[in-house]
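S.K.: These protein sequence lines map, in sequence, to chains A, B and C.
Note that the numbering used here has the first sequence beginning at 274, numbered continuously upward.
Note that the numbering used here has the second sequence beginning at 503, numbered continuously upward.
Note that the numbering used here has the third sequence beginning at 1323, numbered continuously upward.
Worth flagging that the hints you see were computed from the coordinates, not collected in a lab.
Even glycine gets a Cβ: it sits at the ideal position worked out from N, Cα and C.
Be aware that one or more of the hints could be misleading.
Unchecked claim - Derived BS3-like pairs (lysine-lysine); straight-line CA-CA distance at most 27 angstroms:
#1 C:K1360 with A:K543
#2 B:K944 with A:K312
#3 B:K593 with C:K1461
#4 A:K656 with B:K794
#5 A:K622 with B:K794
#6 B:K533 with A:K461
#7 A:K557 with A:K591
#8 B:K540 with B:K591
#9 B:K591 with C:K1358
#10 A:K428 with A:K413
#11 A:K543 with A:K493
#12 C:K1539 with B:K770
#13 B:K525 with A:K455
#14 B:K530 with A:K517
#15 B:K824 with A:K517
To be verified - Each pair of labels, with its calculated beta carbon distance range:
#16 B:K530 with A:E389: 55 to 61 angstroms
#17 B:E940 with A:S300: 57 to 63 angstroms
#18 A:K548 with B:P945: 55 to 61 angstroms
#19 B:E842 with C:T1513: 39 to 45 angstroms
#20 A:S300 with C:H1537: 52 to 58 angstroms
#21 A:R705 with B:P945: 36 to 42 angstroms
#22 A:D549 with B:K530: 26 to 32 angstroms
#23 C:H1537 with A:R659: 31 to 37 angstroms
#24 B:E940 with C:I1404: 52 to 58 angstroms
#25 B:E842 with A:G714: 51 to 57 angstroms
#26 B:P945 with A:K670: 38 to 44 angstroms
#27 C:H1379 with B:E842: 55 to 61 angstroms
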Amino acid sequence: MAWQKVYNGVAEGEIIMTDISGWDWDSGKKLISDISDWKKIYHWVEEPYVSSDGEKIAAVIKLPDDEVFTMCENGVAWENAFDRVWYPRFSPDGRLTAFISDTGEWALAVDGETAEDKYDFAWDTRFSNDGKNIVYMAQKEGKYFAVVNDVPWEKVFLNMTGLAVSNDGKRAAASVQTVAFKEADIVKFQEGCYSAVIDGVVWNNNFVNVWDIVFSSDGKRVAAGVRTNLYDYTVAIDGVVWEKTFASVWDPKFCPNDGSVTAPVRSSGKWFLAKDGQIFWDRKFEQLWHHMYSKDGNKIAAIVAPQFGRWTIAVDGKIWGATFGDMVTDAVFSPDGSRVACLGKENEKWTVAVDGNQWDEYDMAWQPVFSPDGKNVAAKVEKNGRYTIVINGKPIKEDFAAVWDPVFSPDSDKILIKTIETGQNENKYFRRVMPVADITG
Amino acid sequence: MAESVKNAAAEITDAGIVGGAAKLTPEKIEKVINNVLKAEGGARLKTYVDICAHCGLCSEACHFYLSHDNDPKFSPAGKVKQTVWEIIKKKGRVDVEFIKRASEIASTECNLCRRCVMYCPFGIDIAYLLLTVRRICHKLGITPQYIQDTAHSHSATANQMWVKEDEWIDSLMWQEDEARAEIPDLRIPLEKEGADIFYSVIGPEPKFRAQLIYQAAVIMHVAGMNWTMPATPGWDNSDMCMFTGDFEMMARLKKIHFESAARLKVKKIVMGECGHAFRSVHDVGNRALSWKMPPIPVIHAIEFYYELIRDGKIKIAKKFDKPVTFHDPCNTVRGRGLHEMGRYVANATCETLIEMHPNREHNYCCGAGGGVINCGPPYKMSRIDGDKIKAEQLAAVKAKGAQTIIAPCHNCHGGLEDLIHHHKLDMNIKFLGDIIYETMEKPE
Amino acid sequence: MHDIYDFVSGPMVWVSLIIFAAGCIYRFISMALLAKEKDPFLYNYMSPYHALRSIFHWLTPFGSENMRKNPVFTIVAFSFHICVVIAPLFLFAHIILIKQSWNVSWWFISDTMADIMTLIVIASCVFFLIRRIVRPEVKFLTSASDYIILAMVAAPFITGFWTYHQFAGCRIMGIIHILSGEILLAAIPFTRLSHMIFFPISRGYIGSEFGAIRHAKDW
Ligand code: HEM
Ligand code: SF4
Ligand code: SF4
Ligand code: SF4
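With the hints as constraints, model all of the structure from the sequences given.
M.R.: Structure follows, in structure tokens:
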């Protein structure tokens, strides 16, 4: 599902994204925009968003003396203003999108241009990895559908949730209600009124529930967790269910190289990893979820609780020595699959853990990022309300009012850091590129 | 067993129970019961059944018992006798009629309010035992219709009220618009990553009580909080699956809720005034996922308001001048000990607070909790009859002058409203948020 | 007759003591193992401070709301439990027997005291019995086993009193006294009387849940 994909941050193939070698990788600091200037003109400036290459910063603004809103990018407002603007997002290739509404009708605006088709509501913008294709959910006259590159599905549905998009952004899928039922009609519901829809085409069979839809990396196949009655959970791939059912199941994933499907499953009160319907890893866990494949598909890592209340990472079923009491999130493989990093939380403090080794404690931390050669790991962290970037456990010297996720250069030597500073440079947004060695020493 | 059937107040008509029972055979019942007892009935269940002294001391704890003129069938241990003891004694070999009645007892004649736990000398957790009966009934497919429908909604939409993804966002925007008429620069910040507070509510708020979101937004705004609400499923913290015994679904709901907050990188979750939802995130649902404590701290509105007022973030312009009384929701007192904080807020915002007795940890439940009100119209009257004692308590405090009841829990509102209406008490009920909103200093 | 006496006062004492001790240990360990297997998380929530706090409150007469609401019952229940444990353990006659057999001894109570305590136990049992019959909420919960257990508890005290005061047939009563005492001892781990073993655990657990997790009192 939408939020899970982002939460995981590990969807296979996602690392490819846009070609970043064309970005400005010259070392140095560059002022992109001074938000104070915007604030002088528009008193209402919402929280800013930054493009992946760091060249643009944007926020929702309200025009002075008028009850209309628009986007401001690097100090320049879009030509048109609207009753409402929300969900600003930069596509991976740097286009600024946001949902806008006028007189109660919604549309997606891209770099200020609004498509012709309007909807009663539109939400959940998604991009292909290269940023070229855009998909979102929409509702018109009480019916639900997806919109792919401004083309709405012809087929519409009673309800639709959990949008999933293929890596190339050309295909969209979701869980849909296929059978209408009256209020409190529990019999009908239990007969199965939901299915998965891919590009407007619904699977042949209905289920009681369909969740966690995922595309294979080539976008050709679709898997989902399903409930066939109130008690039996399993995985359906292109509408065909596994033979075995389980007491519960979490998000399935396609193996990027052999096309097999794995999912965490619950049986006899414990969690296991299952592959194509059979228990796969040879051990059980109190919890196992958010499993992910290395890019080559040869390794699987997952967030697990080997015992009640203790969390760690298991790679191919083997757990780290370090465990955390509060939670573990945001796991990620290094590009070559040899290392894993994640966030761990213990006693309300966050840390970054790489292959089981922990960094300092922070008030908050963001998903760690590996350099392309896998040697360095960087993460955005927060301490006492100030943000900074930490590489291999070492923070850069300054801290900031705001920071975005760092990006390593393709040759792994440099790191792109996007910051809003304080003090003299208050409200100024800078893009800077630093040699990694300057920080790691 | 014959006894319990004979004693059933009226013929069972609930479509969920009757419809489910039609598909049952004694063999299936025996198999399911034994599976549940074997797989899940651990040391707690066994010990509780073994050591119960049959002393009846828990009886007076239960509002159902007191409201039915001390009818032993409604005593906590009496309800366990009619269900768990019998099931264990007969090793699951009970008939369809028995299990229908067991479903009704566990789902509609116990609020899982845990008051009896405080009266049993061994601390036997009757609520846990009756929840185990609900678990069995879930597995047998004989859960009352209306609460089952709610569980279905949870499974399909991750909220209690069939609210669709866009309807949720739309209602937040609508409330933001409304509130801007009063405070022009107010925002309900959606999807604001890195905010301090993730504010979550229960399904009925966007559906029926949207003004509560408005009020919460005003309070957040005036207090200067850095807060956000998600624009994805996961916004609903409530959990009827916890009360139908569908623990797998309960776990899924808690996962979505906590992960939405984790995704938005917040420091804590502040939740609206709901009792059972707090229970589900604080010490029930999280455990089903192997989180010993909530992975992200969850602050109930009572505590949050208490902190805002204590720290001077909210100032009271003019106290509420009509006398009020304070109803302690079971799940915030026996579930979290928030009674003094609740009174702190009530005293800070109201001129006169008149206590009901018993109160604090010893309060009587409103009769709605534990999913009982969610069992809907077929059980409305038995619910009202089952909490006569609360109505008497309300009448007594009204006689002392209280006109307004503060109840910081949604379910309590539902339960108390029905009592007030039925007994023609003519009192009104408010949330703490209502009172704060009414009395606080707001920007001009 | 003498053979029977020798038997019940010799090997049977051992047997009952062993059943009692081994039974308690067995019940305790099997419960702990079951908990570990089926609800392992319970261990995570045990908080010694809050457990003891709860146990203490419930071992204090009138320490809980419910005890204050039922003063007669509270007085009877506390007197009963104190006497049921103290009287047999510190009875002069028992201590002499133990001294003869194992050459260990300890402090004892006067015979008058023992008499009074025995009567308290018997009277309490009568109270429990009547309560079981006349109080609907207790009656509803009562099954034959409750009466049997009550009889098992009362028997050694009634017969002991009888024997000590040399009422008619006291020789045979003496044998019944020893036997019933042994039966009671052996029955503790395997009947509802096992509450003696599990009271601290169930109380401690709920005390921990209420105290440490829910920040509320449970009395
Ligand atoms: C030493 C640890 C013990 C503790 C903490 C304990 C505690 C309790 C408690 C809390 C009750 C519930 C009702 C009440 O308060 O009376 C109870 C009932 C009872 N206990 Fe105990 N007990 C202990 C030992 C014993 C022993 C050794 C016996 C008998 C040999 C015994 C016999 C009984 C009986 C017969 C009842 C039931 C009263 C009724 O019928 O209502 N207890 N006990
Ligand atoms: S309603 Fe409350 S007091 Fe009554 S049995 Fe249920 S949990 Fe106990
Ligand atoms: S008070 Fe406790 S021991 Fe006594 S009957 Fe009730 S549950 Fe059983
Ligand atoms: S609805 Fe309110 S009073 Fe009733 S059980 Fe819930 S919290 Fe308790």
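S.K.: If a hint holds in the structure, say so; if it doesn't, say that too.
M.R.: Against the structure, the hints come out as follows:
no., hint, in the structure
1, C:K1360 with A:K543, "holds (11 angstroms)"
2, B:K944 with A:K312, "holds (24 angstroms)"
3, B:K593 with C:K1461, "holds (24 angstroms)"
4, A:K656 with B:K794, "holds (25 angstroms)"
5, A:K622 with B:K794, "holds (16 angstroms)"
6, B:K533 with A:K461, "holds (26 angstroms)"
7, A:K557 with A:K591, "holds (11 angstroms)"
8, B:K540 with B:K591, "holds (14 angstroms)"
9, B:K591 with C:K1358, "holds (25 angstroms)"
10, A:K428 with A:K413, "holds (12 angstroms)"
11, A:K543 with A:K493, "violated (32 angstroms)"
12, C:K1539 with B:K770, "holds (26 angstroms)"
13, B:K525 with A:K455, "holds (22 angstroms)"
14, B:K530 with A:K517, "holds (21 angstroms)"
15, B:K824 with A:K517, "violated (63 angstroms)"
16, B:K530 with A:E389: 55 to 61 angstroms, "holds (58 angstroms)"
17, B:E940 with A:S300: 57 to 63 angstroms, "holds (58 angstroms)"
18, A:K548 with B:P945: 55 to 61 angstroms, "holds (59 angstroms)"
19, B:E842 with C:T1513: 39 to 45 angstroms, "holds (43 angstroms)"
20, A:S300 with C:H1537: 52 to 58 angstroms, "holds (54 angstroms)"
21, A:R705 with B:P945: 36 to 42 angstroms, "holds (39 angstroms)"
22, A:D549 with B:K530: 26 to 32 angstroms, "holds (31 angstroms)"
23, C:H1537 with A:R659: 31 to 37 angstroms, "holds (33 angstroms)"
24, B:E940 with C:I1404: 52 to 58 angstroms, "holds (56 angstroms)"
25, B:E842 with A:G714: 51 to 57 angstroms, "holds (53 angstroms)"
26, B:P945 with A:K670: 38 to 44 angstroms, "holds (40 angstroms)"
27, C:H1379 with B:E842: 55 to 61 angstroms, "violated (19 angstroms)"
Hints 11, 15 and 27 from the earlier list are contradicted by this structure; the remaining hints agree with it.
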